[in-house]
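A.B. asks: The primary structure of each chain is shown beneath.
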Amino acid sequence: MAKNTNIRISLPAVCFVWQIAMIILFGVFIRYNEESETRWIEHRRRKNISTNLENDFYYRYPSFQDVHVMIFVGFGFLMTFLKRYSFGGVGFNFLIAAFGIQWALLMQGWFHYLDENDGKIKIGVENLINADFCVAGCLIAYGACLGKVSPVQLMVLTLFGVTLFAVEEYIILELLHAKDPGGSMVIHTFGAYYGLTISWVLYRPMLSQSRHLQGSVYHSDVFAMIGTLFLWMYWPSFNSAIADHGDGQHRAVINTYLALAASVLTTFAISSISQKHGKLDMVHIQNATLAGGVAMGTASEFMITPYGSLIVGFCSGIISTFGYLFVTPFMEKTLKIQDTCGIHNLHAMPGVIGGIIGAITAASASESVYGQEGLINTFDFKEAVANRTVNIQGGYQAAGLFVAIAFGLVGGALVGGILKLPIWGDPADANCFDDEVPEDEDENILSRHPNMNHTRGMPDA
Amino acid sequence: MAKNTNIRISLPAVCFVWQIAMIILFGVFIRYNEESETRWIEHRRRKNISTNLENDFYYRYPSFQDVHVMIFVGFGFLMTFLKRYSFGGVGFNFLIAAFGIQWALLMQGWFHYLDENDGKIKIGVENLINADFCVAGCLIAYGACLGKVSPVQLMVLTLFGVTLFAVEEYIILELLHAKDPGGSMVIHTFGAYYGLTISWVLYRPMLSQSRHLQGSVYHSDVFAMIGTLFLWMYWPSFNSAIADHGDGQHRAVINTYLALAASVLTTFAISSISQKHGKLDMVHIQNATLAGGVAMGTASEFMITPYGSLIVGFCSGIISTFGYLFVTPFMEKTLKIQDTCGIHNLHAMPGVIGGIIGAITAASASESVYGQEGLINTFDFKEAVANRTVNIQGGYQAAGLFVAIAFGLVGGALVGGILKLPIWGDPADANCFDDEVPEDEDENILSRHPNMNHTRGMPDA
Amino acid sequence: MAKNTNIRISLPAVCFVWQIAMIILFGVFIRYNEESETRWIEHRRRKNISTNLENDFYYRYPSFQDVHVMIFVGFGFLMTFLKRYSFGGVGFNFLIAAFGIQWALLMQGWFHYLDENDGKIKIGVENLINADFCVAGCLIAYGACLGKVSPVQLMVLTLFGVTLFAVEEYIILELLHAKDPGGSMVIHTFGAYYGLTISWVLYRPMLSQSRHLQGSVYHSDVFAMIGTLFLWMYWPSFNSAIADHGDGQHRAVINTYLALAASVLTTFAISSISQKHGKLDMVHIQNATLAGGVAMGTASEFMITPYGSLIVGFCSGIISTFGYLFVTPFMEKTLKIQDTCGIHNLHAMPGVIGGIIGAITAASASESVYGQEGLINTFDFKEAVANRTVNIQGGYQAAGLFVAIAFGLVGGALVGGILKLPIWGDPADANCFDDEVPEDEDENILSRHPNMNHTRGMPDA
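Residue numbers (the UniProt record's numbering), protein chains in the order written: chain A, 1 to 461; chain B, 1 to 461; chain C, 1 to 461.
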């Protein structure tokens, strides 16, 4: 209690300073690209583009809006499950995502979209999608820290998280020329290890003081299902949003749709077998059902075949649910890693699986399956890597996975150290997972006698 | 209570066995179609398709995602209205839909999408939409049984439901060559009578033992409105998703948009007039407002005219609300049909109306209105049915309606018989409509002390 | 209490009479346009349109569905925040929007889409978007009156609101030839002043009698966040839905995306600095975060530059939050304007800002930035206004803003007078903000002893 958790100065200061910095940097660096500026009509004529529909906007905008919903409603409501931290879950997700997308446009712009002629970053709808992707990594990391950090800490976590993301993304996609349209490696693996390492550095031995708040109430679990379902439904858009036009986007949707469907069944199966009377645990339903989408992120565009996608979802649903049953408790007890949302089970493990599957699928690609042109298009065997073979590609895919893990671990350790400084207004152990709404409201949430409930059951009928 | 409701073995067993079966069958039968495989670029060249935009993906993907939301959030949250069965409503909807779409891809594939050359089913985005449609029939049936069956029973209901659906769909659309883009007959009429017959076979004379759980609480009704609104808003996508490119999809959206708007007003009117002081019943608002979309399913692509669509919505809103007021109580008392969600009012009656309207509108089509080509395109008067007249078409439309009803009644009776076997772990009468969450949580739902509060705070952590 | 609040006759009467009137007027006036009728194939050939994709449907449908979600879920759930008026908030929003879109198709049709040849209104997807836009103005006005008016009053408010909207829209867009794709002036400024003036006329001196209901409970605030986020996420679609094909829609999305992101940060900053310990107020988070989208409505298509958009969001977030802190209390105490949702802060002020920004941005446009053709396309300097300069355009933009304000004030005064008549069944002061659910349900909300409830009521106000 003695702890100073007042952020009345620090939070507004950070928000204002960083937002003003964004305005200045945007003013210096960011412009519309040729598809989003008024001279598009001239570009069209010059390039003999017959119709406005060829504007990338019409290829990507529907997927962009779906991804946007995943970032703000999907991640946001998935984190409303705590009985007294629903405001913090959805609200702080909103804050850091809104900041992160701006910083991401700059960071990714400098690495990927810089126009040599005038030194400006030219943006269009694809940049907006990539900014949302970049922020997803930080929101995953937030999941590990949910309820235990201050919004100021989250802003710092996001500032460095986006920066690290842009660098590892550049290394993996540009230098290693690995493919990762849905970000199993770049987004999920990095984001999860980044958050878990931060949570490890910020370990709270006395967190049990707020254990009675570390559960859900009935309706907070229903709110969380809103997040789960919008993530689940729109994941095909997530894995296809920046895939190749035409068959690339088309195939990525099919593969993701199937992987997700399979992981739902295995999640229900493992959850049911693990509980008395075969009841189901809402924690598993809310999270492990999504593992198939995470694991399909790297290979979404590949010819992994429909049944291959089902196998991916089948395995990742099982592994993720086992994670919630055994790995999370083990990590907390033994490794001193407190993972509020269980991101290790939903993002770390399925993300690594996705990276491995991507490497194997790439290495086993063949002209007989892809067709000569198809192989070149799918893996972009052009320019510098025109002579690369699929086996070599598989190796580079694997290398990308290690880069993602390394950035997560090292970056998380550094940022965790910064966040450990006693200046960020983080809550006392007894006040974690608490929106600290006024007392009478308080009554309303906890009803008569406050009592903790960790178990959340869905019955056999 | 003595009843064995333990599904700790049966549910996992069913999930695993069926998911593994799906993987094997997909491995044998399912492949990407030419628009979703890497050789698309070669197909394009061969067929002189000038741009990737001509890939069917870009015609149908936005509607697909809307339909996907209707299936998982729309149906799922519509079934959260019960005060203590919100987990079961949204959760089991999730489970059976995720299984059903896989089985539907196979069943519909064998009937519609089999490639003679290699005996494989070739899938693309249109198949994903059709799979979602197919599952909708089973989710409608679930609405009649909500809270009274076990997830194992639901899996069986879905296995047979999808199978029956694929057959009746083949008969109605292929053999009879009837049109039904929004599935008034194929989806709603079939699904509703399938579910109602099952519910009739599974009649529970002592269900009154759980009457105290057969209502809503304030916030569970608000959750249900999420389902209602996403169904209502995206219904134009539902009725246009697989309609003809161009004017077909365009017109289906307009007709559905208008029919839905009209049924909202008549629903509010009848609901208000039926209650003391003109109050409104949330059951009506949550359900009958959707009747216009159901009734417009068959004729959505036809030149029914905007005011025709309004008339359809006008009537179906009235009939549906009257259903909730009089037909449902009558069915329960006299016919011994316990219809938890009132699907007879939302799907059966409006579905039949939709089928009839479709038949009449088809029979009264004319070249003067449609134009010569327009008439041929709209009704696909080609190949085998090149010489069919609109009057004959009207007759076949009516025949389709009877096929849908027959499949629902006969199929429901058979499947109901199977589900009556005492091996499925269905709940005792006293435990229906109950998620059986732990006692302390229980307190939380029905909670104790009244207290009000004005201020709302989100904390610094 | 003596007051007659019974609308059992009046509400059904209004719904039936108006819906029947809609059917008749649609029958006389409304037809499909050439892109939505079966003769589209002939139009295509005649106009040498190579593909169905050139049907406007494919340019606008995804944005339309997003706008549709904003109208029904966005506005609807934003108004569920009151602890005991969640049914009324989302339910009456549903009713008046469903009526309004029909009336809007007629009113806007007569002014914009009348076919001289046959005197019919020809509709397509763009009309559906415009109808949703038109209704948005009335839903904004509803926000000021939330909980204090009867549904019958809301139907009257909507009937006149849509009528006034169509006229001011015609003057601003057609006669003044001002640009306002996202409706900062036409929708937000007009709607807000219309609602505020009505609320001023209907001032309730004794409203304090229901002050205990004029707050939220924990979960009703979470429900409201659903509305906030869907408005926030889909606002780029709102501001681009009817923008020019190609770069116009593309740029409008980028500008809106950035303005919204900036207003989130400044809203959090001001909210935090204004509260003890830097806590945050959910009222601010739910509303002021959207101000950037409102303020970007007029200039969304202009070359305002990405950093310009950030500045717009930066300022409007600050102003809107200050509005909630100081202007709303001042208006209620001094000006006798009771603004339930604070629409003055979310729509009036940001709307006016948007209009001013639009005027300035237009006046400062130049060929060097836009390109010669780009300038003509963006401002439609064709036909009658072919010789208009950007400075003159700026003047006309400013004139448009005054027209919007004038229509809001004068129209609101007139309609307010009509609504003051004692015949509309509005609630007594003590019964405001109350869904008046049956006693047992009532218990359930404020929760005392568990009890079953079958009936679920939404009140007459």
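Be aware that one or more of the hints could be misleading.
Because identical chains cannot be distinguished in the list, a pair is counted as satisfied if it fits within a single copy or across any two copies.
Unchecked claim - Pairs of lysine-lysine residues, derived as DSS-like cross-links and limited to a Cα-Cα distance of at most 27 Å, are as follows:
no. : residue 1 : residue 2
1   : 47        : 382
2   : 333       : 276
3   : 120       : 336
4   : 47        : 120
5   : 47        : 122
6   : 420       : 336
7   : 120       : 382
8   : 276       : 420
Treat the hints as calculated values from the structure; they're not laboratory data. Owing to the predicted nature of the structure, the values given are computational and were not obtained by experimental measurement.
A.B. asks: Look at each hint and say if it fits the structure.
C.D. replies: So, going through the hints one by one against the coordinates:
1. Taking the shortest alpha-carbon separations for residue 47 and residue 382, both the intra-copy value of 22 Å and the inter-copy value of 26 Å come in at or below 27 Å.
2. In this homomeric assembly, residue 333 and residue 276 come within 27 Å of each other (Cα to Cα) only inside a single copy, at 24 Å, whereas the closest approach across copies is 37 Å.
3. In this assembly of identical chains, the alpha carbons of residue 120 and residue 336 never lie at most 27 Å apart, being 45 Å within a copy and 52 Å across copies at closest.
4. Proximity of residue 47 and residue 120 under a CA criterion of 27 Å is satisfied intra-copy only: 22 Å inside one chain copy versus 41 Å between copies.
5. When the C-alpha separation of residue 47 and residue 122 is checked against a cutoff of 27 Å, the pair qualifies only within one copy, where the shortest distance is 18 Å, while the shortest distance between copies is 35 Å.
6. Proximity of residue 420 and residue 336 under a CA criterion of 27 Å is satisfied intra-copy only: 15 Å inside one chain copy versus 50 Å between copies.
7. For a Cα distance limit of 27 Å, the shortest separation of residue 120 from residue 382 inside one copy, 26 Å, qualifies, whereas the shortest one across copies, 33 Å, does not.
8. In this homomeric assembly, residue 276 and residue 420 come within 27 Å of each other (Cα to Cα) only across copies, at 24 Å, whereas the closest approach inside a single copy is 41 Å.
Taken one by one, the earlier hints fail for this structure only at number 3.
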